[in-house]
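S.K.: Sequence:
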Amino acid sequence: MELPRAQYSQEFREQSVKFFKESGLTLVEAAKRLSLPESTLKNWVYADKRGELALVGKHQKPLSELELELSRVKRELAEVKMERDFIKNV
18 MELPRAQYSQ
28 EFREQSVKFF
38 KESGLTLVEA
48 AKRLSLPEST
58 LKNWVYADKR
68 GELALVGKHQ
78 KPLSELELEL
88 SRVKRELAEV
98 KMERDFIKNV
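This note's numbering numbers the first residue of the sequence shown as 18 and each following residue consecutively.
Since the hints were made in silico from the structure, they are not lab data.
Nothing here was measured: the structure is a model prediction, and the numbers come from that model.
Note that the Cβ used here is the ideal one computed from N, Cα and C, for glycine as well.
Among the hints, erroneous ones may be present.
Claimed, not checked - Ranges between beta-carbon positions, derived for each pair: (1) Val107 <-> Ser56: 28 to 36 angstroms; (2) Leu44 <-> Glu96: 31 to 39 angstroms; (3) Ala71 <-> Lys105: 27 to 35 angstroms.
What the hints assert, rightly or not - Computed list of lysine-lysine pairs in DSSO-like fashion (alpha-carbon distance at most 27 angstroms, straight line): (4) Lys49 <-> Lys66; (5) Lys49 <-> Lys35; (6) Lys49 <-> Lys38; (7) Lys91 <-> Lys66; (8) Lys91 <-> Lys59; (9) Lys66 <-> Lys98; (10) Lys59 <-> Lys49; (11) Lys105 <-> Lys38.
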């Protein structure tokens, strides 16, 4: 049985790419910290370089309420991890 594909908000995609660019981490490390598959983050980074990040996921079905909550929690977790990493480096 195939697992359903994860869906992420545009804001989460943008924040994830920004985190990768600013963190100085490798793609693998950044993906782990963001709880994302490496290939997903890689696709977003390449789309951002081409100026096409806003187009990623446009053809996907709308998210359910539970999926939206999961996306929000993942985004919040990523922000907390970024804050923690910043504090570690100070």
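S.K.: Compare the structure with each hint and give your call.
M.R.: Quick rundown of the hints versus the structure:
1. Val107 <-> Ser56: 28 to 36 angstroms: Between Val107 and Ser56, where Cβ atoms are some 32 angstroms apart, the hint holds.
2. Leu44 <-> Glu96: 31 to 39 angstroms: Violated - the Cβ-Cβ distance for Leu44 and Glu96, about 19 angstroms, lies outside 31 to 39 angstroms.
3. Ala71 <-> Lys105: 27 to 35 angstroms: holds (32 angstroms)
4. Lys49 <-> Lys66: Within the cut-off at roughly 21 angstroms; holds.
5. Lys49 <-> Lys35: holds (15 angstroms)
6. Lys49 <-> Lys38: holds (15 angstroms)
7. Lys91 <-> Lys66: Holds. Lys91 to Lys66 sits at ~24 angstroms (cutoff 27 angstroms).
8. Lys91 <-> Lys59: holds (18 angstroms)
9. Lys66 <-> Lys98: holds (24 angstroms)
10. Lys59 <-> Lys49: With a Cα-Cα distance of about 12 angstroms, the restraint between Lys59 and Lys49 holds, given a limit of 27 angstroms.
11. Lys105 <-> Lys38: Holds, because 18 angstroms separates the two Cα atoms, which is no more than 27 angstroms.
Violated hint: 2 only; the structure is consistent with all others.
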